[in-house]
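Asks: Following the hints, position chain B against chain A.
First to last, the protein sequences are chains A and B. Under the working numbering, the residues of the first sequence are numbered 1 to 451, in order. Under the working numbering, the residues of the second sequence are numbered 1 to 451, in order.
Misleading hints may appear alongside valid ones.
Since the list gives no way to pick out one identical chain from another, each pair is judged satisfied if it fits inside one copy or across any two copies.
Stated by the list, open to error - Quick list of in silico lysine to aspartate or glutamate cross-link-like pairs, EDC-like style, CA-CA up to 16 Å:
1. Lys349 to Glu314
2. Lys313 to Asp352
3. Lys144 to Asp247
4. Lys144 to Asp95
5. Lys194 to Asp30
6. Lys144 to Glu79
7. Lys113 to Glu275
8. Lys349 to Asp299
9. Lys371 to Asp198
10. Lys316 to Glu275
If you are wondering where the hints come from, they were derived from the structure by calculation, not from laboratory data.
There are 2 protein chains.
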Amino acid sequence: MTAARPTVVIIGAGFGGLYAARKLAGQPVDVVLIDRHNFHTFSPLLYQVATSGLDPSEVAYPVRAIFRNKGNVRILLGEVQTIDRAAKTVTVAYDSTQRVERYDYLIVAAGSKTHYFGLDQIETHGFELKDLADAVVLRNHTLKLFEYAAWADDLALRQALTTVVIVGGGPTGLEMAGALYELYVHVLHNEFAKQLGDFKGRVILVEMQDHLLQPYPKRLQAAARRQLENLGVEVILGRSVVDAAPDHVALDDGTVIPTYTLVWAAGVKASPVAEMLDVPLERGGRVPVRPTMQLIGDDDVYVAGDMAHLLDKEGKPYPMLIPVAKQQGMLAARNILRRLKGEPQRDFKYIDRGIMATIGRSRAVAWIFYKIQLTGFLAWLAWLGLHLITLVGFRNRLNVLVNWAWNYFTYDRSVRLILEHSPHEQELPALADGFLLASIPEPEPELVREV
Amino acid sequence: MTAARPTVVIIGAGFGGLYAARKLAGQPVDVVLIDRHNFHTFSPLLYQVATSGLDPSEVAYPVRAIFRNKGNVRILLGEVQTIDRAAKTVTVAYDSTQRVERYDYLIVAAGSKTHYFGLDQIETHGFELKDLADAVVLRNHTLKLFEYAAWADDLALRQALTTVVIVGGGPTGLEMAGALYELYVHVLHNEFAKQLGDFKGRVILVEMQDHLLQPYPKRLQAAARRQLENLGVEVILGRSVVDAAPDHVALDDGTVIPTYTLVWAAGVKASPVAEMLDVPLERGGRVPVRPTMQLIGDDDVYVAGDMAHLLDKEGKPYPMLIPVAKQQGMLAARNILRRLKGEPQRDFKYIDRGIMATIGRSRAVAWIFYKIQLTGFLAWLAWLGLHLITLVGFRNRLNVLVNWAWNYFTYDRSVRLILEHSPHEQELPALADGFLLASIPEPEPELVREV
Chain A
1 MTAARPTVVI IGAGFGGLYA ARKLAGQPVD VVLIDRHNFH TFSPLLYQVA TSGLDPSEVA
61 YPVRAIFRNK GNVRILLGEV QTIDRAAKTV TVAYDSTQRV ERYDYLIVAA GSKTHYFGLD
121 QIETHGFELK DLADAVVLRN HTLKLFEYAA WADDLALRQA LTTVVIVGGG PTGLEMAGAL
181 YELYVHVLHN EFAKQLGDFK GRVILVEMQD HLLQPYPKRL QAAARRQLEN LGVEVILGRS
241 VVDAAPDHVA LDDGTVIPTY TLVWAAGVKA SPVAEMLDVP LERGGRVPVR PTMQLIGDDD
301 VYVAGDMAHL LDKEGKPYPM LIPVAKQQGM LAARNILRRL KGEPQRDFKY IDRGIMATIG
361 RSRAVAWIFY KIQLTGFLAW LAWLGLHLIT LVGFRNRLNV LVNWAWNYFT YDRSVRLILE
421 HSPHEQELPA LADGFLLASI PEPEPELVRE V
Chain B
1 MTAARPTVVI IGAGFGGLYA ARKLAGQPVD VVLIDRHNFH TFSPLLYQVA TSGLDPSEVA
61 YPVRAIFRNK GNVRILLGEV QTIDRAAKTV TVAYDSTQRV ERYDYLIVAA GSKTHYFGLD
121 QIETHGFELK DLADAVVLRN HTLKLFEYAA WADDLALRQA LTTVVIVGGG PTGLEMAGAL
181 YELYVHVLHN EFAKQLGDFK GRVILVEMQD HLLQPYPKRL QAAARRQLEN LGVEVILGRS
241 VVDAAPDHVA LDDGTVIPTY TLVWAAGVKA SPVAEMLDVP LERGGRVPVR PTMQLIGDDD
301 VYVAGDMAHL LDKEGKPYPM LIPVAKQQGM LAARNILRRL KGEPQRDFKY IDRGIMATIG
361 RSRAVAWIFY KIQLTGFLAW LAWLGLHLIT LVGFRNRLNV LVNWAWNYFT YDRSVRLILE
421 HSPHEQELPA LADGFLLASI PEPEPELVRE V
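This is chain A alone, in the form it adopts within the complex (with noise of 0.2 Å):
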């Protein structure tokens, strides 16, 4: 400790980070929370703003207004560029600018990203759904395509241009093929009905292994299976996607799949600030830490969510679950907070309420305690509250309410704007070029009048 008021700085504003800090909030530490993004992101509705049911900000919330009324919680907008642990500080930039943080404790939580395991056609030619700027290119490109089948007259040209292809049977992929879906089937068709005729989009969900939802018992991975395609969703078990082009997608037995539209939600790895911190690390990038989430050999760094590497009683490590990270970076902050008391540090213990994902809707599975296993409309109701309940901010979930219920009782979905760059964006030229350190000379004391 090198101050009466030691500095806490928390690098990400995700799930993690954000519970650290908000432990933090009103404690005697100065707190500086980093992150890439002015918002917090609801992760799990992302596939909402991706499929036009519900709009960015109501899955994202600011974060400086999370810690409006936190004297002791610094907000800073960057990107973390190197971690220097040898002289505990952190450096971050925006645009061109760079700055150094000090830290005398350092809560590192900067989440996951999308895996492609070295595929590198793809990485290229693939659409994710790890944060909100994606969500929304999705919905750009998705509604895009529809529009596009309306000039086409080519029936297979059409049927490519609205065929999505998505891989990965966890709850991600499940989330956005079911909720795509529901868009063709009760909104684009019926509008492009028109210019379209009879035709269907089509909706195909690609998984690895030989059944989807792979931690659920079999009873809910059938029960997930039985709903998508009830649906209308095409699922394909036990292929996968071995090539990918702009107008085709190629399958390990191969089959080609002509689609404009590849979503990879097949895997994730820990961010690369992992690699800042000069360990080795654990399979998929992550950080091997002690129970106390504290890095192996440095007391002072904690590291907290998807890219912490603990192994739980079985000796697998803990998911890449947003009950984790919360409760990993609570952990986090408050064993700072012991060790400022002289006080021992405790150990993780996962309080875990089961698993849920949804299918669209009132279809859902839920596994709840790990014991009681709900299917359809029940496990959709449990899914519909947890989130309302859990999502950050009561504006956003009033709008989202009325959103959902909109969504519901009229099949519709209001949110699909094609919103694309304008052509008045500017590329703030000054600014993008470290004008902060010393570019812009000081304006000149004759030309500024007082107005």
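Replies: Frame of chain A, contents of chain B only:
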């Protein structure tokens, strides 16, 4: 008339085109409605999007949804390239693809664009507020500059980063200035206080004339100015902006204001689609029309809204206002239907209920029927009610109401996301390459298996 069911092509889904199409829906004509966007924009509330008060989808409504159950209205997303009045065709482009639409009757309602009066420096560095993408760009920009300011140690630079100059004392300028200053005072100052201290952002409104709100009576002009200044906006009258650079704006009296944000709301001119009609144009590039909204010398072409130049009883051209556009669009549609029934064309009679402008929370001026002059809270209530009633779509109204109530009672603005491009955005190489015409080879049959 060439067919039993004549085709009416409408260019533009703004207020003129939209109301024309609504009037023609369900009538014995085939309608093709062409627009660059897949949504209609409720432009009077764009400034709310730019100042983080509303979500983009709350001021925009998908055009296909509006005409979902209208079998005779076909939507075409694309940009008009040429109009051939001799051949009675319109060429439309979508990316690099073109198609030709034949018309029996044409309604041209492509609206207006920002007029820079040849001031290239201002066009290069200025922001505008004519469409939804502009509003999002301006929101990102102003929020980002506050984040920059939090990084800047130099006070003069901080001040420049958080100073916005708005040019134009019309409703758009006033609304933008008022809402932006409230965002500063009620939200940003508060949230950045930890990092920026006491310091205050500035909003400066510059108007060339000696008064704001040109067509209003003197009492309301003075009230608008007083309300703006009470709020904290700096109003400069009788000065014009003569030059701009990324980091400053210069006025005609030599004043230089250091700023990174110039919003140009000082003039509009007719859309360049006007030039495609190949007739001599009036001031502001507007198309002279007969009182029936028909083009002079071409009975089958109607022009409505901002693009149309038509003189009122006092010999002044009708203003570029939404009620004028709506009523002219409807008249054009009605006159087409009258011709089909062999009835005579009617002349435009403007039903004018007055004008109003809002200045921020609880502040406005209204001149109802050009008789009743309202200022302050009452005028604001009138403004609020009118805009809520005229918003397209029930869901939009409900969400807008929730957001307005939230903003009003909490002084908060929840939608302040800096949402920029994703690195995963795809440029759609194949799609952008004229592929709809010829460039994509048909998938080879032996490669396409049923999956």
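Asks: All hints, please: hold or fail.
Replies: Structure-based check of all given hints:
1. Lys349 to Glu314: So lysine 349 and glutamate 314 pass the 16 Å test inside one copy only (13 Å; across, 81 Å).
2. Lys313 to Asp352: Classified as within; 13 Å inside a copy, 75 Å across copies.
3. Lys144 to Asp247: Result: close within a single copy only, 15 Å intra versus 37 Å inter.
4. Lys144 to Asp95: between (31 Å within a copy, 11 Å between copies)
5. Lys194 to Asp30: between (61 Å within a copy, 12 Å between copies)
6. Lys144 to Glu79: This pair counts as between: shortest inter-copy Cα distance 14 Å, intra-copy 32 Å.
7. Lys113 to Glu275: within (13 Å within a copy, 50 Å between copies)
8. Lys349 to Asp299: Neither, since 19 Å and 80 Å both go past 16 Å.
9. Lys371 to Asp198: neither (44 Å within a copy, 56 Å between copies)
10. Lys316 to Glu275: neither (22 Å within a copy, 69 Å between copies)
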